[in-house]
Structure formats: structure tokens, C-alpha cells
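Colleague: Numbering-wise, my numbering comes out as the position in the sequence shown, counting from 1, plus 1.
Heads up, a few of these hints could be off.
In silico DMTMM-like cross-links for lysine to aspartate or glutamate, where the CA-CA straight-line distance does not exceed 20 Å [claimed, not checked]: (1) 62 x 46; (2) 41 x 30; (3) 62 x 44; (4) 32 x 44.
Restraint ranges, calculated between C-beta atoms of paired labels, are given here [what the hints assert, rightly or not]: (5) 30 x 68: 51 to 59 Å; (6) 21 x 49: 55 to 63 Å; (7) 13 x 50: 49 to 57 Å; (8) 26 x 66: 55 to 63 Å; (9) 44 x 22: 30 to 38 Å; (10) 64 x 31: 46 to 54 Å; (11) 41 x 5: 49 to 57 Å.
What the hints contain is simulated information worked out from the structure, not anything from laboratory work.
Where a beta carbon is used, it is the ideal one built from N, C-alpha and C, also for glycine.
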Amino acid sequence: MYLSEVEEIIAYVVCIAIVIGFGVSTYMEIKNTIAEEKQKQAEKEENETKIKTLITYLNSKKKLIDSLAQTKKALEEKKNKK
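Please work from the sequences and hints to get the whole structure.
Modeller: Written out as C-alpha cells, the structure reads:
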């Protein structure tokens, strides 16, 4: 049982459409994956920046608390000497 010329042409067109569809879907998936990875990288960099800012803030606060403690200690020592 063989196909007529019209059936062969239709079969070729369907095969080509399937291959093109597969290629396009694969391209779209790759494009979406790359976009997701770029978004994850941007979020990671943003989080790192926030963490660095928080560390700087905490270090500044620690220095402030330490200087306050030293000042209190110095005032108490002066008070005790009198």
C-alpha cells in the first residue's frame, strides 16, 4: 500500500511542521530558562547587596554601643575617684 503524491506531500508538510514546532518549542524553553537564570542572578546580587548593607549597619551599631559602654565606664570611674 503506497501513498499517492498528494498524500506524500501532506505527510512531508506534517513532518516539517512537527520538526519546526519542536525546534520552536525548544528555543522558547531555552529562552525562558535563560531569562529565569538571569532573574535568579539579579535576585542573588540584590540579596548580597542587602546583606552587605545590613552587615555595615550592624558593625556601625556595634561600634556605637561599644563607645557608649566605654563612655559609661569612664564616667563611672570618674565618679568613683571623687
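Colleague: Now tell me, hint by hint, if it's right for this structure.
Modeller: Right, here's what the structure says about each hint:
no. : hint                : verdict
1   : 62 x 46             : violated, 24 Å
2   : 41 x 30             : holds, 16 Å
3   : 62 x 44             : violated, 27 Å
4   : 32 x 44             : holds, 18 Å
5   : 30 x 68: 51 to 59 Å : holds, 57 Å
6   : 21 x 49: 55 to 63 Å : violated, 42 Å
7   : 13 x 50: 49 to 57 Å : holds, 55 Å
8   : 26 x 66: 55 to 63 Å : holds, 59 Å
9   : 44 x 22: 30 to 38 Å : holds, 33 Å
10  : 64 x 31: 46 to 54 Å : holds, 50 Å
11  : 41 x 5: 49 to 57 Å  : holds, 54 Å
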